[in-house]
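Those protein sequence lines, which keep their order, are chains A and B.
Residues in the first sequence are numbered consecutively from 1, following full-length UniProt numbering.
Residues in the second sequence are numbered consecutively from 1, following full-length UniProt numbering.
Hints listed in this document are in silico derivations from the structure and should not be mistaken for laboratory results.
Glycine is no exception: its CB is placed at the ideal position from the N, C-alpha and C atoms.
You may find that some hints are simply not true.
[As the list claims (entries may be wrong)] Listed next, the in silico BS3-like pairs over lysine-lysine satisfying Cα-Cα at most 25 Å (straight line): (1) Lys221(A) - Lys582(B); (2) Lys730(B) - Lys291(B); (3) Lys476(A) - Lys509(A); (4) Lys53(B) - Lys88(A); (5) Lys682(B) - Lys88(A).
[What the hints assert, rightly or not] Now the in silico label distances, taken between C-beta atoms and shown as ranges: (6) His48(B) - Lys532(A): 41 to 51 Å; (7) Arg219(A) - Ser553(B): 19 to 29 Å; (8) Ser168(B) - Arg219(A): 16 to 26 Å; (9) Asn260(B) - Lys620(A): 53 to 63 Å; (10) Arg219(A) - Ile754(B): 48 to 58 Å.
Protein chains: 2
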Amino acid sequence: MLFGVDTKPNDDWWIGRNEPDIHNLNKLEALMFQGNGYFGIRSTLEEHYMEEKRDMFVLGTFDKYENEATELPNLPDIVNLEIVINGKVMKLNHGSVTQYQRGFNIKNGEMTRSFIWKYDGKAYRFKFWRFVSMARRHLFVSKVEVAPLDDSARIQIRSGIDGQQTNSGTQHLVDGTKRLFNARFIQMQTRTQQSKVKFALTEFHRLCLNGTDLNMNPRLKLNRRQIYADYSVDVDKEQTLTIVKYANIFSSIDKDLKDNVSKDSLAELEQTSQLSYDKLLAETTQAWDEKVWQKSLIKISSHNNKPQIAINFARYQLLANTPQDWRMNIGAKGMTGEGYKGHTFWDTEMFMLPYYILTLPQYAHDLLKYRYLGLVGAKKKAHENGYRGAQYPWEAALPEDAESAPIWGNADIVTGKPMKILSGFIEQHITSDVAFGVMQYLQATGDKTFAHEMGYEIVLQCAKFWASRLEWNSQKNYYEITDVIGPDEYKEHVSNDAYTNYMAHWTMKCGADIIADLRQNDPKDYKRLNEKIGLEELYKALIQRASMLYVPSPNEQLVIPQDDNYLSYKKIDVTKYKNSEKDKEDVSEIFKDFDLKELDKIQVTKQPDVLLLLLLFEDKFSKQIIKDNWDYYEPKTTHDSSLSYSPHAILANDLGLYSKAFEYYEKACQVDLGTNQESSVKGTHIGSLAGIWNVVIEGFGGVRITDKGLRIQPHIPKSWQSLEFSIIWKNTKINIFVSHKYFSVMSKKKIKFICHDHIYQVEPDEKLLIEF
Amino acid sequence: MLFGVDTKPNDDWWIGRNEPDIHNLNKLEALMFQGNGYFGIRSTLEEHYMEEKRDMFVLGTFDKYENEATELPNLPDIVNLEIVINGKVMKLNHGSVTQYQRGFNIKNGEMTRSFIWKYDGKAYRFKFWRFVSMARRHLFVSKVEVAPLDDSARIQIRSGIDGQQTNSGTQHLVDGTKRLFNARFIQMQTRTQQSKVKFALTEFHRLCLNGTDLNMNPRLKLNRRQIYADYSVDVDKEQTLTIVKYANIFSSIDKDLKDNVSKDSLAELEQTSQLSYDKLLAETTQAWDEKVWQKSLIKISSHNNKPQIAINFARYQLLANTPQDWRMNIGAKGMTGEGYKGHTFWDTEMFMLPYYILTLPQYAHDLLKYRYLGLVGAKKKAHENGYRGAQYPWEAALPEDAESAPIWGNADIVTGKPMKILSGFIEQHITSDVAFGVMQYLQATGDKTFAHEMGYEIVLQCAKFWASRLEWNSQKNYYEITDVIGPDEYKEHVSNDAYTNYMAHWTMKCGADIIADLRQNDPKDYKRLNEKIGLEELYKALIQRASMLYVPSPNEQLVIPQDDNYLSYKKIDVTKYKNSEKDKEDVSEIFKDFDLKELDKIQVTKQPDVLLLLLLFEDKFSKQIIKDNWDYYEPKTTHDSSLSYSPHAILANDLGLYSKAFEYYEKACQVDLGTNQESSVKGTHIGSLAGIWNVVIEGFGGVRITDKGLRIQPHIPKSWQSLEFSIIWKNTKINIFVSHKYFSVMSKKKIKFICHDHIYQVEPDEKLLIEF
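So here's chain A without its partners, still in its complex pose:
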């Protein structure tokens, strides 16, 4: 498996680069992203380069600039630290650089860098360390060491808060107030233009010479939207100058705000800056350990450690981008770049949620609580579109917002006509996806409280939407769903997209089951929800509509038509597009040959549509149907979405197509970690990273959350010796070990699971071993 970053054979937690490469900084900025679920920073270097993209976001602080879509504002940069040696700015492209190494510790998010810089015949040793604290959510700490090796030098440092950043030219923040407190702490206070979210950022610097604190006060440098602390120190040969930079950020929407952003920010930094870099890093390492690594195990024994690095990396990226605050959700690119504006898509429920449900259920709970809060916006969207119930936005920002997708996309590159982005209008399966996520969570956790307080209401409102959304086709005498976009986004305005119709059917069915269950078992809750939603009427509607909704059945060749017309379209050879990567300009190869109107009329699929359906509802379809549809659709799929690989890998593994499964697994790993320097530039692919976990645990580990309970049916790749992992099922930790000969399951409490239609029971603390 080729990676675009260097790795170490004996370190499962390290990615890096052993050569300076200032022409491909953007990818590393995203891969070495530092975040803690509250805020996150792209790992630009301390010194400035032409192509750098300095991005920092605080989750949930959305702002809408004029006619643009709401987005996370790019905040003032706190990473910058310019070092001038004898009047010359240190840059990797000035002078010469040797012994370069840039590394990233996946375990705690610490980035390090070291090299010898030679200029004018004299050498200097540089070392850099920095991290975003997982223990103190507002904190960023950075440490730099400079040592002149050949001669004494005057070393000037400029480090500060640079508010000239924009979201690709869009400025969300006002030019705020710049202050100095206690002669040492620099602060910038600002706020967003439209949403009036306030921010305060404070920095403190400690300079030491050979370990002795110089107790230096900065000289201030103020520019428009910038405040810098300047220092100048004469350093003798072989002395070491150390600069530790403490920085934090507070926002007015913080749940932990005590006074106001300015006071809180200053007070926290006054306290924190008394602690050493090492102490604060140790706290962070421990926090990562307690929050993530100790919660669940994944150990892959393979011919090399790249699979292990990939899964570790995926879990790091997931947690670093996941809010610990139910007013927010995970963006499609998290906070790793401006791509997708920090918006939440179906990626959360359909790709990321399994990881949380099965290893960190409290996170899953909060992510779904966000959707519960989002009922306000979803009802608004349904109402605006003339429907009832809750229609979830295709792109979600604040839970109370309705649709947050941009309305206009780029112009057609040939005609120059602006193209409407239709996903926000007609990519409607998201409403089923949310309900699906809720039910998966309830299945796996048995969290009755959530079900009654929030979960059922979400599902019922989604079902209510679908009941109102269906269209009666009097010719065919059934309900149908026309004019949608399914997961195959190449096709716009399709009728009866297989995935959409099946999911709508499932949602309505599920809603009816909940109503029936409540009526029988929980009259109090039934009464409450009946008053809110009108369950009597809804039940009837759901039963009637679900039974009369057209869901495309397999045809004579056992192929389920992707939509009403797909099978009638012409076929092309897709090989060329399957094997291509998006170019530097983010344009897929296929769009160089066809425009969207043409693709609309070709049997080519962007990402699994029928196949995703078959994966989710494996019990509803025979193995033969699944296989025949695989054979039909897989060759027609371009994987033009990074979300395409993981379902294909899992399905292939299910079908016994093991080398295909591994191939897709590797592709999923390579979406971000691979050699394409252009991928990840605008941010990593969080859904695809979650997909790595999905392939490992749901695919190779064979774990599935089904109606009937937990299913464990593993099969690991040939090149792996074993896979060891743990999941949490109904509040119980289960340890699973898979080799090529057998797999074992162990748990503290009694549990049951299904494997190849057999139900196995595991006694507490007894290892159940099943040979293949």
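Start from chain A and add chain B according to the hints.
Just chain B, lined up with the frame of chain A:
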């Protein structure tokens, strides 16, 4: 005289650089500024560099972002043109560069660049040309030639409209509409956020191979706030690929707008793009000639051509930045950078206006008409401050705005406390300066129409302001003016600043004279203005207040106190600060030793205050007084404003201190053209550039507009052989020739002038020759 640019001994119209220098691009961006009084562009290079500052402004299109001061919005960049050769982006810091020359033709604003670029062992010849049209106010044209010298090459071009520019992080424009018209014209439409000024920018590219039009349509590339045209051409060895880029900009405040910005912009470019680069350049050269160069002559015969280049350069910069639209005025840095936000200061009346009055009176008329329109804002400001009449803003943007100066400046660099910018509140001499400008114009042109329609009203409203502004000191039994800032801006909250009090006195006196004159000679106008301003009452007030206003007289040492306390402050040695330039950070040397509070109590002056007064009113003071005050104040002046050199040069010349005069003259020339790479970075100093003209014509040429008429009393520097120039006086062109032995004056009509208190009369077409 050392210049920071290269010059050619035989070309008075060329400045340039013979070596690529990508670390000092910013200064050249301002020096090679291209503009036509409608719009202007900093001369960034076609390809991108780290430190570049892409700025483009259209005069008068002010926008106010939230709590910031109103400013000219930085518009989308149209200069960019990226050239990729065999996959490698051409940059001066990639590969090697030989035969480099970058030149700027002062006569028509054309910038050229040529070099051989070698990469991977293969050489390519590059040539660039471009200009902003003086004949078609919306137009920018750029031409590039690329020729592979060693081997064929694939050449890719990306050129477009890049709206990601900001004013140092502040974004005034909405993300607009990007369109392609007729398969060839790319357009961006946008508007300002607050003032809702609309813009359209259109571009068209013509690609030719060895002179043959390739008739290529672009492939579009659209990013956020960006639209690019992409081209790819295979070019054989020694073939030449030529790209001509036609671009324009229209704004919704344009006086010549026919339909709407989008249609006008497209229609104009459709027409213009049919003309060749050379044809359009020839138009521009002719327009410059007719508008500026033919209107007045300045010919300096000197030991080298730097004085000639400096004056040509000054006149180019002036005209390129001067609106031909009375709704606008000249910014302190014109459109050459973001500095001073496009705002107009006293620089216009006290430094730039003489050039226009004496060579281009129609421009002077329009600049003053702006102040007439500005009465709205000035009255508003007076009213807000509890005064009557018109109090002109220290910083002016739109004429109807009151004060446009920012209220808060940078924080104190030691305490970090934000500092209030007081100029907008208490630097009040601007109101007299405007009146002074009006009277100078009237003296020199005899423009009665302007006097009656606008000029008198301006002066009377200014006088009315002062009458209401004076404070009665009952102890001393006189009126006084406390709490102001004079031209010496080191001193805040001073009482009875000499310049301010004398100018206020002069303004009131002048107002009273106008009233008396109108009453006697123009009863109709008197009646009209009386109804508007209340002349009866005002006259009485002016007579009484002027007679009772304290104006500081020379003391026993003949020194006029700069203010009530100045002479009591301690003295320091100012030498160190006189000879220093502002550092890279734009911090004056003196502020490294003293803060503003300390400077307040030291006999040190930023720029002439008493001396400026003596220069303006030379007839009111004896030569001895002028000399003694020179001896007192000149050594205490740091010249920490670029406006300081020219008045010192002129006064020194008047006093016979010829080497001092020449020294100050050279310093004025070097403010922008000198070797300090940090000056001009934020824009050139238009007032100081006008100062070069002032020294040459008013100083060495001895021309002064006085109460008694035209004064010509020349004395040229030792190193000059002669100075030949023309001025316009009362609509008559006067040619003056000055050598070391004599000077001559010639005119088409009969004129009179004063020289050393003699009145000379020149008969039509007869040369009057006066020997020294």
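Taking the hints in turn, this is what the structure says about them:
1. For the proposed pair Lys221(A) and Lys582(B), the alpha carbon gap of about 14 Å is at most 25 Å, so the pair holds.
2. Of the pairs offered as hints, the one joining Lys730(B) and Lys291(B) holds, with about 19 Å between alpha carbons and a cut-off of 25 Å not exceeded.
3. Using a Cα cut-off of 25 Å, the hinted pair Lys476(A) and Lys509(A) holds, with the two alpha carbons roughly 22 Å apart.
4. Note on Lys53(B) and Lys88(A): the hinted pairing holds, with a Cα-Cα distance of about 21 Å set against a maximum of 25 Å.
5. Under the criterion of a C-alpha separation no larger than 25 Å, the hint pairing Lys682(B) with Lys88(A) is consistent with the structure, at around 22 Å.
6. Our hint of 41 to 51 Å for His48(B) and Lys532(A) is violated, since their Cβ atoms are close to 58 Å apart.
7. One distance hint, 19 to 29 Å for the beta-carbon pair Arg219(A) and Ser553(B), is violated here, with the actual separation near 44 Å.
8. Taken as a hint, the range 16 to 26 Å holds for the pair Ser168(B) and Arg219(A), whose Cβ atoms sit roughly 21 Å apart.
9. Range check, Asn260(B) to Lys620(A): about 58 Å between beta-carbon atoms, so the 53 to 63 Å window is met.
10. As the Cβ distance of Arg219(A) to Ile754(B) is approximately 54 Å, the hint placing it in 48 to 58 Å holds.
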